[in-house]
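Student: From first to last, the protein sequence lines are chains A and B.
Per the working numbering, the first sequence starts with residue 54, numbered consecutively.
Per the working numbering, the second sequence starts with residue 54, numbered consecutively.
Everything labelled a hint here was simulated from the structure, so no lab data went into it.
Hints are supplied without guarantee of correctness; some may be wrong.
Since copy identity is lost for identical chains, a pair holds within one copy or between any two.
[Said to hold, decoys possible] Distance condition first, Cα-Cα at most 20 angstroms in a straight line; then the derived EDC-like pairs of lysine to aspartate or glutamate:
#1 Lys286 <-> Asp154
#2 Lys286 <-> Glu254
#3 Lys286 <-> Asp151
#4 Lys265 <-> Asp200
#5 Lys286 <-> Asp130
#6 Lys286 <-> Asp162
#7 Lys286 <-> Glu112
#8 Lys265 <-> Asp151
#9 Lys265 <-> Glu97
#10 Lys265 <-> Glu230
Chain residues, written in single-letter form:
Protein chains: 2
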Amino acid sequence: MRMDIHNADVPVLCRACEARHRGICGALDAPELLRLGRTSSRHEYGAGTTLVAAGERPEHCSNILSGVVKLSKLLPDGRQQVVELQFAPDFLGRPFGDESDVLVEAATDVRLCSFPLDMLQTMMAGSAAFETRMHRQALRQLDDARDWMMTLGRKNAAEKVASFLLMLSRHVRPQQEGYSTSFALPMGRSDIADFLGLTTETVSRQLTRLRKDGAIAIERTRHVEVLDLDELKEVAAGGT
Amino acid sequence: MRMDIHNADVPVLCRACEARHRGICGALDAPELLRLGRTSSRHEYGAGTTLVAAGERPEHCSNILSGVVKLSKLLPDGRQQVVELQFAPDFLGRPFGDESDVLVEAATDVRLCSFPLDMLQTMMAGSAAFETRMHRQALRQLDDARDWMMTLGRKNAAEKVASFLLMLSRHVRPQQEGYSTSFALPMGRSDIADFLGLTTETVSRQLTRLRKDGAIAIERTRHVEVLDLDELKEVAAGGT
DNA sequence: CGTTTGTTTGAGCCTTCTCAAAGGCTGTGG
DNA sequence: CCACAGCCTTTGAGAAGGCTCAAACAAACG
């Protein structure tokens with residue numbers, strides 16, 4: 054937590070909020086925060102909750118305070134592709150209203166700080182710094198999407214799963230650089246499969262392979278311990 | 054072409070330029086255009102030219118005046134994934150300097166209108182409308198990337214190739230809504246394969262399948278005629 | 001506990017890849 | 001204008017990685 058000179062003017066809820074430091078609210082000064090704070094509210098959603106249905110235009114947007122949010126796309130016949138995972142303190146919601154057709158769900162239990170979508174336009178119009186933050190997040194998401202295109206299009210099953218674990222180990226522990234060696238998988242095998250363009254069975258087989266090779270340990274199917282980070286990196290990059 | 058009241062104040066080169074209407078320059082007024090125009094210059098590059106090497110930080114950014122630009126990512130062992138195709142009048146170049154690791158090449162012969170990267174920052178700082186255009190382009194690119202993740206992760210070879218042709222038929226003929234029924238492929242089979250996460254052989258086989266099914270005709274390997282658009286759409290969506 | 005849901009493991013099959021060779025363009029030089 | 005070289009594309013045959021279907025197992029929940 055950071056000490057601000059104007060901390061006293063900042064809404065109580067915002068004081069300890071990560072979104073104010075690393076998220077989009079960091080671009081706002083105390084009066085702006087106060088204004089935004091009046092229209093915002095916090096909510097919790099259980100794992101699996103649909104936050105925005107595919108094709109729907111949501112009325113609210115949110116900072117993710119904790120948990121993991123899953124964005125996915127659907128094909129008419131039911132095939133699914135997860136197109137992004139968002140972690141705290143990412144911002145959830147799209148400016149300019151030209152929403153594309155994604156399904157937004159809580160992958161884990163999630164806490165959000167939400168406010169009306171029009172406030173987003175208002176804030177962007179009123180603060181160039183705010184728009185810049187939004188813009189930068191979009192560019193970061195674009196980079197992530199492109200990295201994942203590489204993974205989806207050109208890596209084999211082993212490389213995909215290893216890449217996924219590495220990605221998680223970098224994201225799950227917020228605000229800390231580098232890799233965590235121990236973390237919970239934010240979703241089940243079938244969501245992982247939908248993220249990697251594989252089937253649950255193949256994901257499961259690759260995880261057991263990594264386990265038997267001594268690269269990771271798995272406890273109660275949801276918790277991963279990275280035993281050999283270099284091995285994992287090597288597999289992810291196609292070294293084996 | 055549009056008639057502007059202040060056309061006379063607009064740099065000569067910009068008057069007939071698509072980028073001024075549908076591209077980012079549309080956000081600039083005559084004085085701003087004039088200022089930008091003084092630092093900009095036009096260049097042509099032959100198909101295959103490397104515009105920005107992977108990992109390099111370019112000094113210029115550009116509007117694409119004509120042609121197709123290919124962005125791709127490389128794996129250490131040489132595998133390649135094309136992560137985006139850009140068409141006129143898209144903008145090429147990244148604000149904020151946190152460039153990600155992509156290789157930029159001319160897919161076809163290309164004409165660019167380039168200016169220094171710092172001008173980009175200057176323009177964004179000076180014009181909120183300009184930053185908004187950049188921001189919107191990033192969001193559009195993000196949508197495209199996500200659509201393609203769906204294609205890469207969950208579609209089979211036939212669906213991928215059909216989706217690719219449909220995408221081209223929408224993009225190749227600029228400024229026009231809907232689908233073109235006749236267009237040139239902007240790249241060879243192996244680049245198409247690298248875009249679709251397939252091999253050249255598989256791309257070739259799927260193209261001949263579509264040809265034998267009467268959905269398309271191919272002339273001299275580079276020109277496609279869409280004979281049955283509905284068929285193509287159906288294949289792309291997994292209808293068959 | 002028993003039920004339900006999610007995960008792991010196995011066996012066989014199918015799509016796509018790999019490797020190989022033939023066929024078509026394009027451009028150059030005779 | 002034709003012949004040839006080089007490159008790209010097409011086609012074929014066989015191998016393999018990942019999928020499908022099916023069953024055993026483990027974990028979560030009432």
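Student: Are the hints correct? Go through all of them and say.
Tutor: Status of each hint after checking the structure:
In this assembly of identical chains, Lys286 and Asp154 lie within 20 angstroms of each other by CA distance solely across copies; the values are 18 angstroms between and 33 angstroms within a copy. In this assembly of identical chains, the alpha carbons of Lys286 and Glu254 never lie at most 20 angstroms apart, being 22 angstroms within a copy and 31 angstroms across copies at closest. Proximity of Lys286 and Asp151 under a CA criterion of 20 angstroms is satisfied in neither setting, with 38 angstroms inside one chain copy and 23 angstroms between copies. Taking the closest pair of Cα atoms, Lys265 and Asp200 never come within 20 angstroms of each other, the shortest separation being 28 angstroms inside a single copy and 36 angstroms across copies.
Only between protomers do Lys286 and Asp130 lie at most 20 angstroms apart by alpha-carbon distance; the minimum there is 14 angstroms, versus 35 angstroms within a single protomer. Taking CA atoms no more than 20 angstroms apart as the test, Lys286 paired with Asp162 passes in neither setting, with 29 angstroms inside one copy and 38 angstroms between copies. For the homomeric pair Lys286 and Glu112, neither the shortest alpha-carbon distance inside one copy (41 angstroms) nor that between copies (32 angstroms) is at most 20 angstroms. In this homomeric assembly, Lys265 and Asp151 never come within 20 angstroms of each other (Cα to Cα): the closest approach is 47 angstroms inside a single copy and 39 angstroms across copies.
Taking the shortest Cα distances, Lys265 and Glu97 never come within 20 angstroms of each other, neither inside one copy (38 angstroms) nor across copies (55 angstroms). Proximity of Lys265 and Glu230 under a CA criterion of 20 angstroms is satisfied in neither setting, with 28 angstroms inside one chain copy and 54 angstroms between copies.
The structure fails hints 2, 3, 4, 6, 7, 8, 9, 10 (numbered hints given earlier, in ascending order).
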